[in-house]
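There are 2 protein chains.
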Amino acid sequence: MGRHLMKTADAGSLSATDAGSDVTLAGWIGRRRDHGGVIFVDLRDASGVVQVVLNPEEEPASEEVLHGLRLEYCVQVVGTVRPRPEGTVNPDLPTGMVEVSASSLIVLSESDVLPFPLDGRTDIDEAKRLEYRYLDMRRSRVAENLRARSMAIRAMRNVMDEQGFLEVETPTLIASTPEGARDMLVPSRLRQGHFYALPQSPQLFKQLLMIGGVERYYQVAKCYRDEDFRSDRQIEFTQLDFEGAFWGQEEVLQTIELVARRVVKDLRDVELNEPIVRMTHAEAMRNYGTDKPDIRFDMRIADLSEVFAATEFKAFSGVLGDSGSVMGINGGPLGLARSGLDGLVSQAQDVGAKGLVWMVVEEEGSIRSPVAKFLSEAELREIVSVLDASVGDTLLIVADRTKTVLEVLGHLRLVVGKPDSHDELAFAFVVDFPVFDVADDGSLSPAHHPFTAPADIDTLINTPETAISKAYDLVLNGTELGSGSVRIHNSDMQAKVFEVMGISSEDAEGRFGWFLEALRYGTPPHAGFAIGIDRMVSILRGEPNIREIIPFPKTQSGADPLTGSPSRVESLQLGELGILVSPDVVASWDSEPDQEAASES
Amino acid sequence: MGRHLMKTADAGSLSATDAGSDVTLAGWIGRRRDHGGVIFVDLRDASGVVQVVLNPEEEPASEEVLHGLRLEYCVQVVGTVRPRPEGTVNPDLPTGMVEVSASSLIVLSESDVLPFPLDGRTDIDEAKRLEYRYLDMRRSRVAENLRARSMAIRAMRNVMDEQGFLEVETPTLIASTPEGARDMLVPSRLRQGHFYALPQSPQLFKQLLMIGGVERYYQVAKCYRDEDFRSDRQIEFTQLDFEGAFWGQEEVLQTIELVARRVVKDLRDVELNEPIVRMTHAEAMRNYGTDKPDIRFDMRIADLSEVFAATEFKAFSGVLGDSGSVMGINGGPLGLARSGLDGLVSQAQDVGAKGLVWMVVEEEGSIRSPVAKFLSEAELREIVSVLDASVGDTLLIVADRTKTVLEVLGHLRLVVGKPDSHDELAFAFVVDFPVFDVADDGSLSPAHHPFTAPADIDTLINTPETAISKAYDLVLNGTELGSGSVRIHNSDMQAKVFEVMGISSEDAEGRFGWFLEALRYGTPPHAGFAIGIDRMVSILRGEPNIREIIPFPKTQSGADPLTGSPSRVESLQLGELGILVSPDVVASWDSEPDQEAASES
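Protein sequences appear in the order of chains A and B.
Residue numbering for the first sequence follows this note's numbering, starting at 8 and increasing by one per position.
Residue numbering for the second sequence follows this note's numbering, starting at 8 and increasing by one per position.
Heads up, a few of these hints could be off.
Listed below are the simulated DSSO-like cross-link pairs for lysine-lysine, each with C-alpha atoms no more than 30 Å apart in a straight line [as the list claims (entries may be wrong)]:
(1) K361/A <-> K299/A
(2) K135/A <-> K299/B
(3) K272/B <-> K321/B
(4) K410/A <-> K361/A
(5) K229/A <-> K229/B
(6) K135/B <-> K229/A
(7) K321/A <-> K380/A
(8) K361/B <-> K299/B
(9) K410/B <-> K321/B
The hints are simulated quantities; they were obtained by calculation from the structure and are not laboratory data.
Starting from the given sequences, assemble the full structure and let the hints guide the process.
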């Protein structure tokens, strides 16, 4: 860039080598100290902080201005960089070797008293932070998160570019999609009574791009899902979406691996040298009791059913006789008192267990447990052996229906084993997902969208409850970061899959006949994936919630405390769109007046 | 990437140096010729085309498969690259030195008969092309446009990254904006009867980012505008949006210049060596009769009022006596017959002129014109001199209110002077826009959004009709590519501007009180811009319409012929959102059944 009229240097970039330079700085006043008539202020801009010395004798500004300077005033300073006097160097500050002696200070913009301090030492109510997000992002935590999000997206794009992907933008005002009921709708003005939907994902459009011969597509795509709010969901969210033609699962996983390595390198300066662990869905369930295993720690679930095959202990033999399982984990040296152990029992019951057996391995191989007296010496020895237990270890055992056992132990494994921080990163691929989720009553519901290719169509037709699909997930530290699949590329296969999923051919034709037609023009085999960007960055940043990563997030109820959206809209405006607010909704307003609407009318 | 199971080489990348290599190709059959029992097919993939030789004697596939091969079948070919036999080299094809002799061919996917040929030699109805966009994009025209769009965006991002901009994503489910009436609305499910709006631009959010200390923001932003359709508008469109703190106009224009240079270099391989021409809005109007001048050609409007100050010609003297103007352009050697000249008169009248005087400069300095006899020798000489006319030139003169004269001549200038192609590129900055557009009745309407800084607040208050704002446009070949401004960074100034614009303080508070509050916390001076990406790429690609550049565009009425959006939605689904379709709209459906809805129910 050429001349900067208002600013010639970044505050945070000044160092001892700049000593003697004249600079024009601009930024915000972060702190102010008066010492013997001289005023020291921390001047902060996007690059960092530098100390500015305002000596009233040098008249950088009128006395009135100097004494009126308050926190977060936006100022311009002309001055000279100089080494700090001996004894005043601040080793904690990157610019701590120098200070800027000001010859001129101009207030560009004053600041009202802040609604909360920006010093990072105070806990602030999240609603307040979101209402004043523009002040919140002057704090280093949010500022660094925004930079990290930008870096992560750039890293992803760089990999995609290097791999020859074409960035293609898909439309966001589309027709209702398969998952229609949760679509967000947009009334059309030109065609009253008709609606666009906002995309839940670019799924069908990226498949159309494959049909269109694009071969390698990617997009940082905004998606919308109007669902109940959970702590890690937003109604609008952003994913790295990509797809490849003439591709199978292997090419997708290798591409994800490149993306993961680059993002981790750029955000954490860590090289992921090992290939990402791969396991089948069945292995994940069997070893970790979940399809999104946290493998930062091992603590696998061990099947103890063999150990108790001939047990006298009724609680176990009954379950085993009923085709259930007895399994356990070695929680390691937990050192819990009786109350702590009882707490684990309660937690197990909360997630569906009838009970939990705990055992503590004591000195000389004896076992302390409420059920020890019901078990044989041989059984106790076998437990210790199968769970590879040492003195001091706490063992947790559940006997129940196999599905319940795995769920409960999967949960307890996280309770006793999961690290608090995200310093360590454990990625995993989970592959070979089942086509259907099987409910307790045996009913089947599709686990993925109906464009996912089955591993074998005959199995899908004959024994759908055991059928495997070519679907795979990426997991990081026990959180699902994204999912993808090999897609169906043949309209006959697609029709069969719809049939097995209980979608009638009329229904399929009505909902996506245009897509079924597209499949009939030489569709290449193709496969793809989508990575949730905010979730990935939040874990890499050690943030508990994706709201910390999103520049302007919404609350869990979908509201924006800053701008007041969503809000009521005048009926005139709705009339132009050919819609009305339902009379019963309007009636509910009358009994409960709306503040926002009042201020908007 | 590691192993490619389905493809080891790109068809379009093969050259003589690959002769002897074994390759696995995958793509589409673009052409098929049978010669003496041997089949030659053009195999096309995203990279290009190569000739594949299928010799039935080498049994690359069963006779049935080979004879069944049709256009756009998706196939995989294993074979050996070899030089083409002498005399069969195709110099028009990048791979024309070689062919691939196939040892195996597998049909990955068959194709129905195409709805239109993909050879690029046939004009196809646009509605049909949009309905089958996925086939349309197999044609080189659309495929190349998609690649160009991707390259343009990458070029823009590279400049932004190099200049230290942070990419920040702003929300798309927001509160209604200042231009509210044209907002697209999204009903909230969790808060029935309340609505989000889709952004017309990220304007207020990018200003909040400046307040938040981001300093350099950019985003490739999707924006929405629910307005009447013109040929170069879409209801969703994409812009390069950026903003800088501690910035004035100069920094913005320099940044735009970097972007323009890079995009032109990457898309056209042309270096823009000269700085982009700058002119004020007043100069643009005076010289070219428009605020988006096409300066690929000069043909400036010349003021002839002085020439006719004392004319006897009533048509001119009357206008001049009435504070009007007489101006003209030199259209150059148009060589038009009388009918062509009459056509120009009609065109002038179509755009508001009462009449048009044409003159043709003939041999020996005499002038042929219907009005020549009313003008003095001196006046005719002066016209030739002021318009710098040579023998054969056609001069076009209009006398009317000054505004009309400029509009008409600005239009005629394009009619007679504008080049057909976009081979030449002429960028221009137009700066110093007026704050208000003045209507014929003298009424004022704001020319820009109310956050635009005025050049001088006192002028704005005292003589608003002559006030200048710090707003500027980028123009390319007579098309506006984008606009921006220095923003107001002070809440008192903002309040005054609202007042002059006729926005009451209650109204301002109700509509963007949250933003006025934000301005009070040390807002830095800031300025920014937005460039319409599709418009820029369409000009650089020489495409007449941005629909050629957008991967999945909508028609002028906002419909998508591919997916059928917008469409009717079941009332149950609307009920969950707390809205209804207006009864009168439903009534209009009864008299006019909807095909789409019928197929969706």
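We went through each hint and held it up to the structure:
The suggested pairing of K361/A with K299/A holds, with an alpha-carbon distance near 24 Å, which does not exceed 30 Å. Proximity of K135/A to K299/B is assessed by CA-CA distance (about 45 Å); at most 30 Å being required, the pair is judged violated. Proposed proximity of K272/B and K321/B is contradicted: the alpha carbons are some 54 Å apart, above 30 Å. Note on K410/A and K361/A: the hinted pairing holds, with a Cα-Cα distance of about 13 Å set against a maximum of 30 Å.
Straight-line distance between C-alpha atoms of K229/A and K229/B comes to about 10 Å, which keeps the hinted pair within the 30 Å bound. For the proposed pair K135/B and K229/A, the alpha carbon gap of about 28 Å is at most 30 Å, so the pair holds. Taking the CA atoms of K321/A and K380/A, the gap is near 13 Å; set against the 30 Å cutoff, the hint holds. With a CA separation close to 24 Å, the supplied pair K361/B and K299/B stays within the 30 Å bound.
Pair hint K410/B plus K321/B holds up; C-alpha atoms about 20 Å apart against a cutoff of 30 Å.
The structure does not agree with the numbered hints 2 and 3 stated previously, though it agrees with the rest.
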